[in-house]
Structures are given as C-alpha cells and as structure tokens.
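2 protein chains.
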Amino acid sequence: MKFKSLLNGIKTYEAGKPMELLVREYGIKPGDIIKLASNENPYGTSPAVIKSLNRSIDKVSMYPDDSAYELKSALASHFDMLSENIIIGAGSDQIIEFVINSICDTNSKILMAKTTFAMYEIYGRLSGATILKTQSHEHNIDDFKDIYKKHKPNIIFLCLPNNPLGECLNTDEVYAFLDSIDKNTLVVIDGAYQEYARYKDPSKVIDPKDITTKYSNTICLGTFSKVYGLGGLRVGYGISNRNTIATLHKLRPPFNITTLSLQGAIEALKDQKFVHDTVEKNFEQMIRYEEFADKKGLKYIDSYTNFIFIYMETNSKELCEKLLKKGLIVRDMTSYGLNAIRITIGTKKQNDTVLEVLDKLC
Amino acid sequence: MKFKSLLNGIKTYEAGKPMELLVREYGIKPGDIIKLASNENPYGTSPAVIKSLNRSIDKVSMYPDDSAYELKSALASHFDMLSENIIIGAGSDQIIEFVINSICDTNSKILMAKTTFAMYEIYGRLSGATILKTQSHEHNIDDFKDIYKKHKPNIIFLCLPNNPLGECLNTDEVYAFLDSIDKNTLVVIDGAYQEYARYKDPSKVIDPKDITTKYSNTICLGTFSKVYGLGGLRVGYGISNRNTIATLHKLRPPFNITTLSLQGAIEALKDQKFVHDTVEKNFEQMIRYEEFADKKGLKYIDSYTNFIFIYMETNSKELCEKLLKKGLIVRDMTSYGLNAIRITIGTKKQNDTVLEVLDKLC
Numbered sequence: 224m225k226f227k228s229l230l231n232g233i234k235t236y237e238a239g240k241p242m243e244l245l246v247r248e249y250g251i252k253p254g255d256i257i258k259l260a261s262n263e264n265p266y267g268t269s270p271a272v273i274k275s276l277n278r279s280i281d282k283v284s285m286y287p288d289d290s291a292y293e294l295k296s297a298l299a300s301h302f303d304m305l306s307e308n309i310i311i312g313a314g315s316d317q318i319i320e321f322v323i324n325s326i327c328d329t330n331s332k333i334l335m336a337k338t339t340f341a342m343y344e345i346y347g348r349l350s351g352a353t354i355l356k357t358q359s360h361e362h363n364i365d366d367f368k369d370i371y372k373k374h375k376p377n378i379i380f381l382c383l384p385n386n387p388l389g390e391c392l393n394t395d396e397v398y399a400f401l402d403s404i405d406k407n408t409l410v411v412i413d414g415a416y417q418e419y420a421r422y423k424d425p426s427k428v429i430d431p432k433d434i435t436t437k438y439s440n441t442i443c444l445g446t447f448s449k450v451y452g453l454g455g456l457r458v459g460y461g462i463s464n465r466n467t468i469a470t471l472h473k474l475r476p477p478f479n480i481t482t483l484s485l486q487g488a489i490e491a492l493k494d495q496k497f498v499h500d501t502v503e504k505n506f507e508q509m510i511r512y513e514e515f516a517d518k519k520g521l522k523y524i525d526s527y528t529n530f531i532f533i534y535m536e537t538n539s540k541e542l543c544e545k546l547l548k549k550g551l552i553v554r555d556m557t558s559y560g561l562n563a564i565r566i567t568i569g570t571k572k573q574n575d576t577v578l579e580v581l582d583k584l585c
Numbered sequence: 224m225k226f227k228s229l230l231n232g233i234k235t236y237e238a239g240k241p242m243e244l245l246v247r248e249y250g251i252k253p254g255d256i257i258k259l260a261s262n263e264n265p266y267g268t269s270p271a272v273i274k275s276l277n278r279s280i281d282k283v284s285m286y287p288d289d290s291a292y293e294l295k296s297a298l299a300s301h302f303d304m305l306s307e308n309i310i311i312g313a314g315s316d317q318i319i320e321f322v323i324n325s326i327c328d329t330n331s332k333i334l335m336a337k338t339t340f341a342m343y344e345i346y347g348r349l350s351g352a353t354i355l356k357t358q359s360h361e362h363n364i365d366d367f368k369d370i371y372k373k374h375k376p377n378i379i380f381l382c383l384p385n386n387p388l389g390e391c392l393n394t395d396e397v398y399a400f401l402d403s404i405d406k407n408t409l410v411v412i413d414g415a416y417q418e419y420a421r422y423k424d425p426s427k428v429i430d431p432k433d434i435t436t437k438y439s440n441t442i443c444l445g446t447f448s449k450v451y452g453l454g455g456l457r458v459g460y461g462i463s464n465r466n467t468i469a470t471l472h473k474l475r476p477p478f479n480i481t482t483l484s485l486q487g488a489i490e491a492l493k494d495q496k497f498v499h500d501t502v503e504k505n506f507e508q509m510i511r512y513e514e515f516a517d518k519k520g521l522k523y524i525d526s527y528t529n530f531i532f533i534y535m536e537t538n539s540k541e542l543c544e545k546l547l548k549k550g551l552i553v554r555d556m557t558s559y560g561l562n563a564i565r566i567t568i569g570t571k572k573q574n575d576t577v578l579e580v581l582d583k584l585c
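Protein chains in written order, with my numbering: chain Z, 224 to 585; chain V, 224 to 585.
Read the hints as simulated data drawn from the structure, not as lab findings.
Every residue, glycine too, gets a C-beta built ideally from N, C-alpha and C.
Don't take every hint at face value.
Below, computed lysine to aspartate or glutamate pairings styled on EDC-like, alpha-carbon distance capped at 16 Å [what the hints assert, rightly or not]: (1) Z/Lys519 <-> Z/Asp433; (2) Z/Lys337 <-> Z/Asp366; (3) V/Lys227 <-> Z/Asp328; (4) V/Lys234 <-> V/Asp303; (5) Z/Lys545 <-> Z/Glu248; (6) V/Lys423 <-> V/Glu344; (7) Z/Lys572 <-> Z/Asp517; (8) V/Lys548 <-> V/Glu344; (9) V/Lys225 <-> Z/Asp328; (10) Z/Lys227 <-> V/Asp328; (11) V/Lys225 <-> Z/Asp281; (12) Z/Lys225 <-> V/Asp405; (13) Z/Lys356 <-> Z/Glu344; (14) Z/Lys274 <-> V/Glu344; (15) Z/Lys571 <-> Z/Asp517; (16) Z/Lys375 <-> Z/Asp365; (17) Z/Lys337 <-> Z/Asp369; (18) V/Lys274 <-> Z/Asp369; (19) Z/Lys373 <-> Z/Asp328; (20) Z/Lys372 <-> Z/Glu344; (21) Z/Lys572 <-> Z/Asp255; (22) V/Lys437 <-> V/Asp255; (23) Z/Lys432 <-> Z/Asp303; (24) Z/Lys225 <-> V/Asp328.
Here are the computed distance ranges between Cβ atoms for each label pair [what the hints assert, rightly or not]: (25) Z/Glu514 <-> V/Gly232: 38 to 48 Å; (26) Z/Lys571 <-> V/Glu503: 49 to 59 Å; (27) Z/Lys437 <-> V/Lys372: 55 to 65 Å; (28) V/Lys545 <-> Z/Asp424: 58 to 68 Å; (29) V/Glu513 <-> Z/Ala469: 37 to 47 Å; (30) Z/Ser300 <-> V/Ile354: 54 to 64 Å; (31) V/Lys432 <-> Z/Glu513: 52 to 62 Å.
With the rest of the complex left out, here is chain Z:
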C-alpha cells in the first residue's frame, strides 16, 4: 500500500503508563498504585455525576444527541455566550485537530512554545504543516512576537497555563500580543487548566467571551478532563465566533462523544462547588511539593495548574523507573529534553506516600 509519505516521519504517540500495565508487568496490586502522571482529578468526579451516570447506563445502546443541545446550552450559559459559539469535542484534543485541519496543509506554519502540549505538534505534523517553536521552553511573549513577525504562521497555540510546565502568561500580555498580530493568524488559547489559574491569580484569567468578542481570530479551548474529573469520558469544547464554530463543525464526526460523556459533562458543569473544592485542595497540597523542592534545593516552575514541574539533579528517567517499581507513576520529562519530572498534585494521602518515597530517592 502507498500511504502518505509524510507519515514516514510520524511516530506513534505513547501515552503515560496506565495502571493496567503496572499490574501486568510488575505484579503490583491495583490498590497499591498511585498514578500522578496524567493530571487527572485525584478527588474523582462530583458525586452528582456518579449518580447521574448510574441512572443513565441503560442508554448505552442509543446514539447520543448529536447536536449536544443540552451541553452546549449549559456551556453557553456558563460563559455568557450562545450555543452557536460552542463546539464539543472528544476532549479538547479533538478541537485542536479540527482547528489544524480546517486551515493547514503542507504550505502552512504553526507556532507554539518549545515545551507545551504534545498534540499541537502531533496534529500539526499530520497535516503536513511546518512546526515553529520558541527558543524558550516556557511561554515567552517576545519570542512569540519575533517568530510571528518573521514567519507569519497560520496558527499560534498559547497554552494558558502551560502543560507540561505549569507557567502562565498574564492576561494583559496576551491582549497586547493579540493587538500586534493580524487577523489571518488564528490564535488558539488552550485553557485546559484555566480553572486552576483563575483561582490562584486573577491576573491570569482568560475570559472566552471578552477575548473572542474583541479578537475574531481567537478560539478558546476548555476541557472536562481536569478539574471536572471526567478524564475517562473525553469531553472538551471550543469557544469562538459563530463563523469559526460553524466551519469547525464541518470537520466534526457525528456522535463524537458518547451518550454517557454527554450526560456526565452536563452534570459536572452544574457542580461548581466540587470544582472550587478541588482547586482549593490542589493548591493547599501543592505547597508541600514546593517545600520539598526548596528543602532539597531543586528548582521548580511556579505552577498555575494541578501539577508541578521539578528539575532534578539526579537522572530523572532512572528516578521515574525506581518510582514505577514502587507503584508510583509520575511523568519523566527526558523525552522533552529536560531532566525533570512532572507530578500531578494528589490527595493528601497520595502525597504523603509520594513525598516520603521522593525524600529517600532525591
């Protein structure tokens, strides 16, 4: 078979190690595993969601409402916008895919931070576009401006706050940047962790209504996979002006999220107390990791998310392997060219164990 030649250069994505693998490979009991590698919500999801899903199980044989009428209405109301401003994806990943595929071919260019969410580059390369990255690992707006002026990319990704590093640009820096670029470049603002940033520091808030109304060349992304605790159900959304959303809908496959995902997301959005409590506990627990790093003299990045990125002095890959054999899964950053680890902030009990083990190994 003759497949597209650009696929020769594409590697298959390797996700973080799932628990099932540890159970299989090292014979560790499922109950003894602590997985803090994929920034899931360690408090699970809202009890109201669980209850609602239990009631909905007998609907699994029926296709979901393809228009996602109720979920779009709920999101529109949450963000003070209209349903026509919203598109639903199987995770915000899928919106990234729609955005890239609606614009890019082999003549296109996509700009992103040097170290940021892997899917921007993966979908970008699949489209045949050229990937441009800043010199700085973290988002540096001057870097972005320089490369923008030189290359006029078709799409720019801003991950605010940034996964896997945790830093976040200030709102006023973002607005000033948007003022400096022309309307033929689409700026994607990925707010997968915005609920965390907005709690920690109001100067990081990106308001989808305000920004997409002022700048027609922006789209904001959000997800139910993080603070809403629905990583397993794959629901994300994009918010933009009606023309951009209508165009992206042309790329959306029918029934792109499941019946239960739809139900879970609708319920999750209602329980903002769960969101608040999750974020509050997250930053209470994060202090413990910061204190640990300070005590050990390890550098870390000030985080506006539910994870912390810590530079290591010993080999981070070896450290992660040692942790893995003890049933502790965190993310090694060697593949990003950084001797560091990214740890999702767990529950108090999970962090007790992780910090105790790390204290011995670092």
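Chain Z is already provided as a structure; the job is to place chain V on it using the hints.
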C-alpha cells in the same frame, strides 16, 4: 480567518432526529417515543455489560488504557488473529477517517456504491479526494470493476452488508473482485452488520483473517454499535496486516475511546449468546415488515441487516413527518434521491405499534 477552500463545498452532517428533539419540539413524552432510525439494538445491550459498567463508573476520572490492551487481545482471540492486527476507533467511523487520511489528498480517488454509508464520502471530501460512485444504488460488482479499470482509485469501500439499503455481495464475488485489482488500491470491507449477514446466509460471510491474509490490500471494519448494543459508547475496530495497522496507529489520537467504552466493549464481546439471540429475534421480526410490504404491494430490498429499506408509493418525506408527530422515528431516504424509508427492526412490541400506524398511512 482563511480556512481551507475545500471546506466551502462541505455541508455539516445532519444526524437522525434524536429523541430529545421530539420531546422538545412536539411535547411527546419520552416513554411514548419509538426510535427506529439509527439501527441501534432494540434489545439494549447485554445485562453483563450493564453490570460491568455500573461497577466501573467510579473510574470516569481516569484516562483509559490508551493501548486498549485487553480489548485488542479479546478481539484478536475472537478473530483468531494477533493484537498487532487490530486498531480500535471511536466507532468504525474513526477507522474510516484514519484510512482515508493515511492515503488521500486532492490527487486521490475513492470508489463506493451510489447509495452507501455516508461517512465514506464525508471523510473523502474532507481529504480533498475525488469521489467516484457506481451507477447502481446497490453494490454491483461489475460496476465496481468498470470504474476501477477506468480510474484506478486509491481506496474502494465495500459495505457488506450495505447501509442504508441492506443488500450484501456474496463472498465469492468479493474474492473474485479482489483477484482482479492490484495491490496499490486499498479495499475497505465495512462489516458493521456482518453478524446479521453471517446468521442469515453463510454465502455472505467475510472472515477477516482469511481475507486480510490472502489480500494484503484489504482492511475489515467492525463495530460494537449494532448487534453488541453499544451505539452510545462509540467503539469500532479495524483488522488488517500489521504494517497497515501500524501506519493507521500514527493517525489515532490518544485516548480515542472512553474508559467506560473500553470496559463495555470487553464485556460485550464475551456475551455471544446475547449476540445470537439479538440476531435471531431480528430476522423473526423482519418477516413481519416483509409481509406488510408484500400486502401493500411495496418493493423492498432483501436485507442482511437489522433494518429494512422499503420503497414508497406515496411521498416518503411526508410519511416520515406524519410518523414523527406520532412519536415514531424512522429514516426518510429523500436526501439519497430515493422515495423510500429505512426502518430499524424493533422489538415485537415496537413493531406492533409501527406496523399498525404504517397500515393506516400507507
């Protein structure tokens, strides 16, 4: 924003009317609605699946096992193949998308029957490929051969049995066709309804192992959305040689099916008695629609699926609207240029109601 110009010609997909819409638009009570429009399993799903999903609900906050280790092993064992021969998609739709995007660009050609599963054309057009169709609505292998010789398409879709018409080519016709085409054309054999065809007539069976082993340029698709009763969970699969599967994996987004979808599919595959009973009841009930059509002098297509395609003498669109107002949802075929309806074969009770109403309206 400058979106790709090929999107100008693309229409947004309109799925069948969901129940929620009837409830909203006509004020019909959910319990009074009979939806036989999307070929879901009217018997729901296996009780073992429901039980297993109930036990798994608390896993929704965790990402699924991205390798789908257990599901691929189970499918491999079911088809007497290896896990490396299998790829999992969010419905078999997603495998169609991978296949087209792995091969096609604006220079490519895709061949299909005139009236067949809509997603072949939708994904084909999104890739920029030229769509070629047979003259005949139903699959006609001589038509396929003629167009193949003239245009040498990159991909050929055979839908066996065919949705939305219901007919099915014989196995020996398919093998003879494969003998006549060269290895640079990928033939996709969509077996979404194969479990039904194989029960009704052994001369329609497509065995994925046999066909993909004999013809390296084939891929077989299957789904959990139909006989397994998991339409709402979006799980399908592709079976081919390891090289083709490895290439398609490069296009697979991480975590493309949900935690619950994975669990549901693993359990569903185990309950082959549910599959057998579903298919048996399906054909017992289908006879009633055939007898109805015969009585009314309406032509229908001999069906190897869980639906029946009936040509109407009165206007099919108007008929479907009348049915809709009574809470009965079936599929009008006007958009395919055919004055006909497609009815999913329901349970005895559902069919009692539908046939009674149809008797008055036809």
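Quick rundown of the hints versus the structure:
{"no.": "1", "hint": "Z/Lys519 <-> Z/Asp433", "in the structure": "violated (43 Å)"}
{"no.": "2", "hint": "Z/Lys337 <-> Z/Asp366", "in the structure": "holds (10 Å)"}
{"no.": "3", "hint": "V/Lys227 <-> Z/Asp328", "in the structure": "holds (9 Å)"}
{"no.": "4", "hint": "V/Lys234 <-> V/Asp303", "in the structure": "violated (41 Å)"}
{"no.": "5", "hint": "Z/Lys545 <-> Z/Glu248", "in the structure": "holds (14 Å)"}
{"no.": "6", "hint": "V/Lys423 <-> V/Glu344", "in the structure": "violated (29 Å)"}
{"no.": "7", "hint": "Z/Lys572 <-> Z/Asp517", "in the structure": "violated (21 Å)"}
{"no.": "8", "hint": "V/Lys548 <-> V/Glu344", "in the structure": "violated (31 Å)"}
{"no.": "9", "hint": "V/Lys225 <-> Z/Asp328", "in the structure": "holds (12 Å)"}
{"no.": "10", "hint": "Z/Lys227 <-> V/Asp328", "in the structure": "holds (9 Å)"}
{"no.": "11", "hint": "V/Lys225 <-> Z/Asp281", "in the structure": "violated (44 Å)"}
{"no.": "12", "hint": "Z/Lys225 <-> V/Asp405", "in the structure": "holds (12 Å)"}
{"no.": "13", "hint": "Z/Lys356 <-> Z/Glu344", "in the structure": "holds (10 Å)"}
{"no.": "14", "hint": "Z/Lys274 <-> V/Glu344", "in the structure": "violated (40 Å)"}
{"no.": "15", "hint": "Z/Lys571 <-> Z/Asp517", "in the structure": "violated (19 Å)"}
{"no.": "16", "hint": "Z/Lys375 <-> Z/Asp365", "in the structure": "holds (15 Å)"}
{"no.": "17", "hint": "Z/Lys337 <-> Z/Asp369", "in the structure": "holds (14 Å)"}
{"no.": "18", "hint": "V/Lys274 <-> Z/Asp369", "in the structure": "violated (57 Å)"}
{"no.": "19", "hint": "Z/Lys373 <-> Z/Asp328", "in the structure": "violated (19 Å)"}
{"no.": "20", "hint": "Z/Lys372 <-> Z/Glu344", "in the structure": "violated (20 Å)"}
{"no.": "21", "hint": "Z/Lys572 <-> Z/Asp255", "in the structure": "holds (12 Å)"}
{"no.": "22", "hint": "V/Lys437 <-> V/Asp255", "in the structure": "violated (50 Å)"}
{"no.": "23", "hint": "Z/Lys432 <-> Z/Asp303", "in the structure": "holds (7 Å)"}
{"no.": "24", "hint": "Z/Lys225 <-> V/Asp328", "in the structure": "holds (12 Å)"}
{"no.": "25", "hint": "Z/Glu514 <-> V/Gly232: 38 to 48 Å", "in the structure": "violated (59 Å)"}
{"no.": "26", "hint": "Z/Lys571 <-> V/Glu503: 49 to 59 Å", "in the structure": "holds (55 Å)"}
{"no.": "27", "hint": "Z/Lys437 <-> V/Lys372: 55 to 65 Å", "in the structure": "holds (57 Å)"}
{"no.": "28", "hint": "V/Lys545 <-> Z/Asp424: 58 to 68 Å", "in the structure": "holds (59 Å)"}
{"no.": "29", "hint": "V/Glu513 <-> Z/Ala469: 37 to 47 Å", "in the structure": "holds (43 Å)"}
{"no.": "30", "hint": "Z/Ser300 <-> V/Ile354: 54 to 64 Å", "in the structure": "violated (40 Å)"}
{"no.": "31", "hint": "V/Lys432 <-> Z/Glu513: 52 to 62 Å", "in the structure": "holds (56 Å)"}
The structure does not agree with the numbered hints 1, 4, 6, 7, 8, 11, 14, 15, 18, 19, 20, 22, 25, 30 stated previously, though it agrees with the rest.
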